[in-house]
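Number of protein chains: 4
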Amino acid sequence: MANVHYRIGKSVQDNYIELVERKGIGHPDSLIDGIMEEISRELSKKYLDEFGVIMHHNVDKGLIVGGEAKVEFGGGVVEKPTEIYLAGRAVHEVEGKAMNVEGIAMESARKYLMENCRHLDVDRHVVLFPRIRKGSADLVSIFKNKGEVPLANDTSFGTGFAPYTPLESVVLETERYLNSKRYKDEHPYVGEDIKVMGLREGTKLKVAVAAAFVSKHVESLKDYIEKKEGVFEDIKKFISRMYDDEFELFINTGDDYKSGSVYITKTGLSMEMGDDGEVGRGNRANGLITPYRKMSLEAAAGKNPVSHVGKIYNVLANELTRDIVEQFDFVDSATFTIVSQIGVPINKPMNADLEVVLSKGYNLEDVRPKLNYVVEGWMENITEITERIVYGKTTVF
Amino acid sequence: MANVHYRIGKSVQDNYIELVERKGIGHPDSLIDGIMEEISRELSKKYLDEFGVIMHHNVDKGLIVGGEAKVEFGGGVVEKPTEIYLAGRAVHEVEGKAMNVEGIAMESARKYLMENCRHLDVDRHVVLFPRIRKGSADLVSIFKNKGEVPLANDTSFGTGFAPYTPLESVVLETERYLNSKRYKDEHPYVGEDIKVMGLREGTKLKVAVAAAFVSKHVESLKDYIEKKEGVFEDIKKFISRMYDDEFELFINTGDDYKSGSVYITKTGLSMEMGDDGEVGRGNRANGLITPYRKMSLEAAAGKNPVSHVGKIYNVLANELTRDIVEQFDFVDSATFTIVSQIGVPINKPMNADLEVVLSKGYNLEDVRPKLNYVVEGWMENITEITERIVYGKTTVF
Amino acid sequence: MANVHYRIGKSVQDNYIELVERKGIGHPDSLIDGIMEEISRELSKKYLDEFGVIMHHNVDKGLIVGGEAKVEFGGGVVEKPTEIYLAGRAVHEVEGKAMNVEGIAMESARKYLMENCRHLDVDRHVVLFPRIRKGSADLVSIFKNKGEVPLANDTSFGTGFAPYTPLESVVLETERYLNSKRYKDEHPYVGEDIKVMGLREGTKLKVAVAAAFVSKHVESLKDYIEKKEGVFEDIKKFISRMYDDEFELFINTGDDYKSGSVYITKTGLSMEMGDDGEVGRGNRANGLITPYRKMSLEAAAGKNPVSHVGKIYNVLANELTRDIVEQFDFVDSATFTIVSQIGVPINKPMNADLEVVLSKGYNLEDVRPKLNYVVEGWMENITEITERIVYGKTTVF
Amino acid sequence: MANVHYRIGKSVQDNYIELVERKGIGHPDSLIDGIMEEISRELSKKYLDEFGVIMHHNVDKGLIVGGEAKVEFGGGVVEKPTEIYLAGRAVHEVEGKAMNVEGIAMESARKYLMENCRHLDVDRHVVLFPRIRKGSADLVSIFKNKGEVPLANDTSFGTGFAPYTPLESVVLETERYLNSKRYKDEHPYVGEDIKVMGLREGTKLKVAVAAAFVSKHVESLKDYIEKKEGVFEDIKKFISRMYDDEFELFINTGDDYKSGSVYITKTGLSMEMGDDGEVGRGNRANGLITPYRKMSLEAAAGKNPVSHVGKIYNVLANELTRDIVEQFDFVDSATFTIVSQIGVPINKPMNADLEVVLSKGYNLEDVRPKLNYVVEGWMENITEITERIVYGKTTVF
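Chains as they are written, first to last, in my numbering: chain C, 253 to 649; chain H, 253 to 649; chain U, 253 to 649; chain R, 253 to 649.
Quick caveat, the hints were computed from the structure, so don't treat them as lab data.
The structure presented is a predicted model; accordingly, all values stated were derived computationally and were not measured.
Positions of the beta carbon are idealized from the N, C-alpha and C atoms, including for glycine.
Among these hints, one or two may not hold up.
Unchecked claim - The calculated EDC-like cross-link candidates involving lysine to aspartate or glutamate, where the alpha carbons are at most 16 Å apart (straight line), are:
| hint | chain 1 | residue 1 | chain 2 | residue 2 |
| --- | --- | --- | --- | --- |
| 1 | U | LYS386 | R | ASP373 |
| 2 | U | LYS386 | R | GLU331 |
| 3 | C | LYS349 | H | GLU331 |
| 4 | H | LYS322 | C | ASP373 |
| 5 | R | LYS386 | C | GLU345 |
| 6 | U | LYS386 | H | GLU639 |
| 7 | C | LYS349 | H | GLU324 |
| 8 | R | LYS322 | U | GLU347 |
| 9 | H | LYS458 | U | ASP618 |
| 10 | H | LYS363 | C | ASP375 |
| 11 | R | LYS322 | U | ASP437 |
| 12 | U | LYS298 | R | GLU331 |
| 13 | H | LYS363 | C | GLU345 |
| 14 | U | LYS468 | R | ASP373 |
| 15 | U | LYS600 | U | GLU617 |
| 16 | C | LYS363 | H | ASP373 |
| 17 | C | LYS322 | H | GLU345 |
| 18 | U | LYS363 | R | GLU320 |
| 19 | H | LYS262 | U | ASP266 |
| 20 | U | LYS349 | R | ASP373 |
| 21 | C | LYS386 | R | GLU324 |
| 22 | C | LYS386 | H | GLU331 |
| 23 | H | LYS386 | C | GLU320 |
Said to hold, decoys possible - Some, not all, of what chain C presents toward chain R, calculated at C-beta under 8 Å:
| hint | residue |
| --- | --- |
| 24 | TYR268 |
| 25 | LEU271 |
| 26 | THR505 |
| 27 | PRO597 |
| 28 | GLU607 |
| 29 | VAL609 |
| 30 | GLY613 |
Claimed, not checked - So, partial list: chain R residues that the calculated Cβ filter (under 8 Å) puts toward chain C:
| hint | residue |
| --- | --- |
| 31 | LYS313 |
| 32 | HIS344 |
| 33 | ARG385 |
| 34 | LEU403 |
| 35 | THR411 |
| 36 | ALA414 |
| 37 | ALA460 |
| 38 | GLY482 |
| 39 | VAL483 |
| 40 | ILE487 |
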């Protein structure tokens, strides 16, 4: 492709400082990302069933207004439900055939919450308030013809990289470990609202985990301290297996044992006590916030997976670079950046940019054809990204 | 009791004209009455469990904002869910012990809808939006001491009568018949939104039934007409068994076969197509609207059953007069009216008034002691009304 | 007219007991009535401007969810604004020409509140939340042809009477006196939320006034007591001029001087402290609640003034009976009751009923032609009622 | 300072590609940023007045749910108002002294919209729905002692740079030019919703402007085309004065003259037609989106300006680097990145990082003391950032 630039880049690993964050599945920003993405996926499937194509929608404006709770060891009570506003636009009707978009949105949100938040009683702890307006006629037309590569809806930008740095892996995997079914089954007192921050100075890591505990599984302050220490040891062991160099671990640093103020919740979710969330304020499409890298501000969750070029390009960039580093041992790391051209098919970007770090002994000119082959393959099959998104085969937050 | 007046009244039956209406269980005004009353009852039970007394609450401000639906024979679709606002005030916390009032409200509303609306998919067709504020400190105090007769919260008024006139019975029972489990099982195409209007001119009745049909059980206009005619015959037979004189029956008079506009709904409920509802706008506590009789404007549904004198007096007046006509053959009909005195125990009304129509040969002076005995019995045990309400042993709409 | 019945009735005045209530202009139920009626009137005018006819609308589902306030002598603060939900249905668009119905609703509500609530800062004390859905196509069609008498939309009922009994006059006029511009200018400390209850036992009246005081104009408990006593004397004098017999007056009986709990408000409105309101729960169309008389449950405020037969018939019955008692000295009192026939022009009721009490020496047969002449005149010009409503020449609450 | 690192960085200018975006003042994402920031500033001032200190608040969760409009040359109509949800948390009460937080929020939002959107009729075009919950007790305590440097509330990150690259200047200034009072006075047909995208390939710029036109000032398609061409020429001239090299300009590329679909609006704002907005989804604190640079995802708008370290550090980094490049001619560009340490005073960061590009002939070791002097000065007076924010002397979006 003419407008793809290939360059030798610089490894993030070479910076003295690296900062990485992951807002876990139960963090309000991730929760609302997850809900709105679930709604988009369900709508996409329903549109396919009803109309044979995915109709226009961007349900990417979700808002969690946290509730009120009074928590105590052994229990406590949610005093005021959390309100979740489900907003955006979607096609409600095609040629006289209508769909209950807001109803599907509520149902999907309920389902998502029930599947992902073990201690949340959706009927009593959550108010769902859908505000999904009809899509404008203009935007609808993008999808008229099946099979075609859709046109870019905007001048937009996506970026992605592979592989994760050690710090990135540590941050990402630590949250996944703590939120895994297996860990939860054995440690029911660990809630879903988990945030992991990682800082690297040179080779030394500092990892801070904030994990909501579930009050009904914690009898007392003493019990809390013991369980927290247990979790601390579990994480320590887990990271040790991944990372050989020195690291420091912190957990729930806001706790104040003297005043008895510790991080316990009724539902395992901080939103119960007023923590708000908004789509697009948390993890990027690869699951992380990486301020020392190039990042897109795109809020991917809830965007339509057919023509929303910002969403597609971010997912594409992640998938493409992962493919490259998996296929080619000589590529130590890759970063792909791609800019769309409004009104032009999304596989004809205005500009794309592949930065690679090559293993010693390799040079760009030699490997360029190989790289190009992979890049062109992805561009040709760009509509597969849509499928991956709809069927949940890739992450968007 | 000193301030109870006994009088000989006049029978409504003697009026040339009588007008009676019943908004059936699925009518939006009744539905929101039912929801808010269910919430009050559930709150009462939870308060009893938690605090040993029913705390102050008046959740009598409910609003249904109807949705949008596109209905067709054989199916159709709800396009926009109905919004239900659950408003009022309630004690959320006593001495540091809190209760999830809004959560209980949502859960009760869901439960009520699921139990009473067979074709409603609550997850997709309904948005529940609770707005229940904290009760003011003043009002809370009314309930401080258990066992005591509570003080009247207001200068308020209740009225009730027994027995039903033939027209009243016809109107009430026709709706109950059509909404009975048995009838529904055999005629699943009849929805819950049923309104019955009855007019009597002399001895001739005109009864108009508006009954929502359920689209998925109606294949075509022809099928609709046949089923409607079947229902018409059923009602005719039903009324014939109750009423000997002449009557005319109308059903779904708004239907226009030419344009194909007939009363079918997706959910059996007109709220799906924009019909709104508000607490207190439908049936009085005895289940009817009877403009030719004395009526209270009190919206009983959702009011607290302990000290809300308007609610209690209306229920009391119904129960008391029923008791009198059941006990005493010589009482043809009775109407009881009672006015409270703010700040005084509710069994010490400012004024009460029992009007009776006696059988030939009886006079008031002779039967007054008997009547008085019953009235005083009810006043002494007035707190039983609370129990009847909480445990659903009486109607409030 | 064939189906108008003329009868000799009974005077309410002859009952030993009479109970009358007026919820003043600032009572939450009246406030929301006033707001929704203002919206209907503004919409009607805008429809006339835009389309030449008043399009279908029924914006009669308003809900006030009271706020929170902390009031103290000399001031205090509104802590949480009152929420006002403006609901119902209205035509938004005719033949491609659209109107901002919800915008007009908000603007009308603001205007109404600013004009009627001197101490309310609408920008800071009130949240307006419009939920006005589109009218269904069916209902729209009622208005298609100008000039015609519209068809009744329902089997509905209206009733009215004249003149007011002495108690009714006292109750109505006392509120109007206290809420008059003149009284307010001289007594700025009296708020708009005023409720008057009147009870008559024989000839003796008991009048209870609940009037919110405005905190910034009341320095201390002492000042409150003095001002309240002043108001008490004013009312006493006022009623004395209207009523010759004995009466007892009560004002703010809920006050408790010991605990310092008295009826002061920041805004002159109890809704600031959580009092809720709903359309149709307060005064009937003649401005009063009169449980010892025949009453319609119709919520007139916000209903469309063209074809909503319940609204029109209630206003008509009031206007017609006033006309009769003004024209004919021999009519001591009159009550008119009228029932519509769905789908038939509203000036062809199913049934109407004029009950009169005649002066001594008159009998019904002699005066019937005169009465009939007036009744027929009103029926012929029934569409004037619409105009009276739209241009505010009659009350609906 | 010990933990500040000084490094020689790389100029963004050296990248072959550069991409920059600015969402103008009327873009929904900027509008909600502006509203929530205005609310934070007004609350801050009110807290200072009432309590002498700025109390805790984070009103950074705003949501715009776009309305519906039907626009035509010469006019059109807003059909459904835009809904704006104002969410977050704030202290409502201190030691019994309360503040109407939601009222202040609504008032500030109104004021902001009226000042910044000339063609918006706030009363009719906007619904404001405040959802600001009480701050939790814990967070309140951060502000207890005046004068002290507050503790970091989180492990957070800020970054900023100076000066703007030529492309950045072009993008930023073009929007400001089009939204200047002067330009608007002369070209009233240009709305406030303006988005500028800039792409640099080598030295060549492509600048795409999307600017909403105001329908009442545009008579016809012909008029639109002429006016748009006029604006095009204005911008071209404007950029030419700033940028010597080649550039291409695009304006409203989505227009389709054939179908007559062009970018006109009733209010000058795309939110009228359903475009939604959320806090933190638009410009970074320096007014731009610069994906080829290090960026913070922090949503600064609405965050409290006292202890919210993410907000403060981003503003600080911008101010500090501007100061450095202004003071020192030998610094061509600077980027500052700073990471907080939860629970530690915000002027004791965990880590900070100053990257500079020095003019030829300078080396880092020589200039380090000078740089350090400036950095330390800013850290010592870090609380001045709060003041700059509260009094509007710096931008946050």
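Each hint, compared with the structure:
1. Distance restraint check for LYS386/U and ASP373/R: the Cα-Cα separation of roughly 22 Å exceeds the 16 Å cut-off, and the hinted pair is therefore not satisfied.
2. Straight-line distance between C-alpha atoms of LYS386/U and GLU331/R comes to about 11 Å, which keeps the hinted pair within the 16 Å bound.
3. The hinted pair formed by LYS349/C and GLU331/H meets the criterion: a straight-line CA distance of about 10 Å does not exceed 16 Å.
4. Taking the CA atoms of LYS322/H and ASP373/C, the gap is near 32 Å; set against the 16 Å cutoff, the hint is violated.
5. Between the alpha carbons of LYS386/R and GLU345/C the distance comes to roughly 41 Å, so the proposed pair goes past 16 Å and is violated.
6. For the suggested pair LYS386/U and GLU639/H, the alpha carbons sit about 43 Å apart, so the restraint of at most 16 Å is broken.
7. Pair hint LYS349/C plus GLU324/H holds up; C-alpha atoms about 11 Å apart against a cutoff of 16 Å.
8. For a cut-off of 16 Å, the pair hint linking LYS322/R to GLU347/U stands: about 13 Å separates their Cα positions.
9. The hinted pair formed by LYS458/H and ASP618/U fails the criterion: a straight-line CA distance of about 32 Å is larger than 16 Å.
10. About 10 Å separates the Cα atoms of LYS363/H and ASP375/C, which keeps this hinted pair within 16 Å; it holds.
11. This hinted pair does not check out: LYS322/R and ASP437/U have alpha carbons roughly 46 Å apart, beyond 16 Å.
12. Proposed proximity of LYS298/U and GLU331/R is supported: the alpha carbons are some 14 Å apart, at most 16 Å.
13. Only pairs whose Cα atoms come within 16 Å are accepted, and LYS363/H paired with GLU345/C is rejected, the gap being roughly 31 Å.
14. Pair hint LYS468/U plus ASP373/R does not hold up; C-alpha atoms about 32 Å apart against a cutoff of 16 Å.
15. Between LYS600/U and GLU617/U the alpha-carbon distance is near 23 Å, which puts this suggested pair outside the 16 Å criterion.
16. Distance check on the hinted pair: LYS363/C and ASP373/H sit about 14 Å apart at the alpha-carbon level, within 16 Å; holds.
17. Only pairs whose Cα atoms come within 16 Å are accepted, and LYS322/C paired with GLU345/H is accepted, the gap being roughly 10 Å.
18. Only pairs whose Cα atoms come within 16 Å are accepted, and LYS363/U paired with GLU320/R is rejected, the gap being roughly 24 Å.
19. With a C-alpha separation of about 14 Å, the suggested pairing of LYS262/H with ASP266/U holds against the 16 Å cut-off.
20. Between LYS349/U and ASP373/R the alpha-carbon distance is near 20 Å, which puts this suggested pair outside the 16 Å criterion.
21. Our distance criterion of 16 Å between C-alpha atoms is broken by LYS386/C and GLU324/R, whose separation comes to about 20 Å.
22. A distance of roughly 11 Å separates the Cα atoms of LYS386/C and GLU331/H; the hinted pair therefore holds under the 16 Å criterion.
23. Of the supplied pair hints, the one linking LYS386/H and GLU320/C holds, its CA atoms being roughly 13 Å apart against a limit of 16 Å.
24. Taken as an interface hint, TYR268/C checks out: its beta carbon lies about 6 Å from the nearest beta carbon of chain R, inside 8 Å.
25. The closest approach between the C-beta of LEU271/C and any C-beta of chain R is roughly 6 Å, which is under the 8 Å cut-off, so the hint is satisfied.
26. With a cut of 8 Å, the hint placing THR505/C at the interface with chain R holds, because the nearest CB-to-CB distance is about 6 Å.
27. Contact between PRO597/C and chain R, as hinted, is not supported at the beta carbon level, the nearest pair being about 15 Å apart and thus beyond 8 Å.
28. Against a cut-off of 8 Å between C-beta atoms, the interface hint on GLU607/C is violated, since the closest Cβ of chain R lies about 10 Å away.
29. Checking VAL609/C against chain R by beta carbon gives a least distance of about 16 Å; that is not within 8 Å, so the hint is violated.
30. At a threshold of 8 Å, the smallest CB-CB gap from GLY613/C to chain R is about 25 Å, leaving the interface hint violated.
31. About 4 Å separates the beta-carbon of LYS313/R from the nearest beta-carbon of chain C, less than 8 Å, and the hint is met.
32. The closest approach between the C-beta of HIS344/R and any C-beta of chain C is roughly 12 Å, which is over the 8 Å cut-off, so the hint fails.
33. Against a cut-off of 8 Å between C-beta atoms, the interface hint on ARG385/R holds, since the closest Cβ of chain C lies about 5 Å away.
34. Given hint, LEU403/R at the interface with chain C, is violated; its Cβ is 11 Å from that chain's nearest Cβ, farther than 8 Å.
35. Proximity of THR411/R to chain C holds as hinted, the smallest CB-CB distance being about 7 Å (cut-off 8 Å).
36. A cut of 8 Å between beta carbons decides the hint on ALA414/R: the least distance to chain C is about 18 Å, and the hint is violated.
37. Satisfaction of the interface hint for ALA460/R is found here, the shortest Cβ-Cβ separation to chain C being roughly 6 Å, below the 8 Å cut-off.
38. The criterion of a C-beta within 8 Å of any C-beta in chain C is not met by GLY482/R, whose closest approach is roughly 23 Å, and the hint is violated.
39. For the restraint placing VAL483/R at the interface with chain C, the shortest Cβ-Cβ distance is roughly 19 Å, beyond the 8 Å limit, so the hint is violated.
40. Interface hint status for ILE487/R: violated, as the beta-carbon distance to the closest one in chain C is roughly 16 Å, over 8 Å.
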